[in-house]
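With chain A held as given, fit chain B onto it using these hints.
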Amino acid sequence: MEIIEEKKDEIHVFKLNGRLDSNTSPDFEESIFQAIDGGTRRIVVDCGQLEYITSAGLRVLNKTAKRLKPDEGKVVLCAMEDYVREVFEIAGFDTFLPIVSGLDEALARAKE
Amino acid sequence: MNKTRCTIRLRNDQSETERLCDRLIAFGNETGLTRKTINAVCVAVEELFTNIISYGFRDDGEHVVTVWVVYEDGTVRVRMEDDGVSFNPLGASDPDVKCTLEQSKIGGLGIYLARKLMDDFDYERRDGKNIIRLTKNAELE
Chain A
1 MEIIEEKKDE IHVFKLNGRL DSNTSPDFEE SIFQAIDGGT RRIVVDCGQL EYITSAGLRV
61 LNKTAKRLKP DEGKVVLCAM EDYVREVFEI AGFDTFLPIV SGLDEALARA KE
Chain B
1 MNKTRCTIRL RNDQSETERL CDRLIAFGNE TGLTRKTINA VCVAVEELFT NIISYGFRDD
61 GEHVVTVWVV YEDGTVRVRM EDDGVSFNPL GASDPDVKCT LEQSKIGGLG IYLARKLMDD
121 FDYERRDGKN IIRLTKNAEL E
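Line order of the protein sequences matches chains A and B.
The opening position of the first sequence corresponds to residue 1 in this note's numbering, with each subsequent residue numbered one higher.
The opening position of the second sequence corresponds to residue 1 in this note's numbering, with each subsequent residue numbered one higher.
Don't take every hint at face value.
If we take Cβ atoms under 10 Å as the criterion, some of the chain B residues that face chain A in the derived model are [as the list claims (entries may be wrong)]:
#1 E47
#2 S54
#3 G56
#4 V64
#5 E102
#6 Y112
#7 N137
It is worth saying that the hints were derived from the structure and are not from the lab.
These numbers were taken from a predicted model, which means no experiment stands behind them.
Every residue gets a Cβ at the ideal spot worked out from N, C-alpha and C, and that includes glycine.
Next comes chain A alone, as it looks inside the complex (with noise of 0.2 Å):
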């Protein structure tokens, strides 16, 4: 999988290329913690060439929600296909993870 990273303003975006599994989700939490430990509070993660996401990628967005909260940080995902949305639902997280269509929604989501 390739994690592409970019600032927009105060706006960290994570461009996911390929599977979030077992085996690809130690490297996007690295990423990602990394960037909260650098200070960002506000995380957009696109999602439109993401393939699939299993538990484990479930697991890193449960744990960056978590750890942004207290901070009133947000993590937005965007552009999910149908058949990545199903995970999210079947797993209840699309209740307390704001999902959007667009990037630029997302990026408005995020600086709310």
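Coordinates of chain B only, in the frame set by chain A:
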């Protein structure tokens, strides 16, 4: 296409998930399955494989997990076999998926996803082996 099949033999090593999913995706594409069906199978099999190699083997030796996949008459059937300790995934309790972020826990989520993504899920312990059978009603392109 009437019937397609593939057999994947995996070592008990996390890095094998990449080859596992490459093979499953290639199988799905050859068969003409939709991305939705392919992804459901990939996620379910990946979760179960990860579970087997994380908890199934109590020694440091190399073990083989075998995955057979067959498509026939609108149905994908998967059989997974390992010689690890006896473990029935159907005996695991469901996680609470209607909770808040603070209450959310991750334990048990992988097996739960596998069960929910498949249409049928069976487990059998036979001759010292764990045998999991999955069935998914396939959508074709």
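Legend entry - Residue hint S54 (chain B), partner chain A, criterion CB-CB below 10 Å: Hint on S54 (chain B): holds, closest Cβ of chain A at ~8 Å, below 10 Å.
Inset, instruction - Using 10 Å as the Cβ threshold, decide whether Y112 (chain B) counts as touching chain A. - result: Nearest chain A Cβ about 7 Å off; hint holds.
Inset, instruction - Against chain A, run the beta carbon of V64 (chain B) and see if the smallest gap drops under 10 Å. - result: V64 (chain B) check fails; min Cβ-Cβ to chain A is 18 Å, beyond 10 Å.
Legend entry - Hinted contact N137 (chain B) with chain A - closest CB pair below 10 Å: With Cβ-Cβ at 15 Å, over 10 Å, it is violated.
Legend entry - chain A contact restraint for E47 (chain B) - C-beta distance below 10 Å: holds (6 Å)
Legend entry - chain A contact restraint for E102 (chain B) - C-beta distance below 10 Å: Result: holds, 8 Å to nearest chain A Cβ.
Legend entry - Interface restraint verdict for G56 (chain B) against chain A (beta-carbon cut-off 10 Å): violated (14 Å)
Hint violations for this structure: numbers 3, 4, 7, all remaining hints satisfied.
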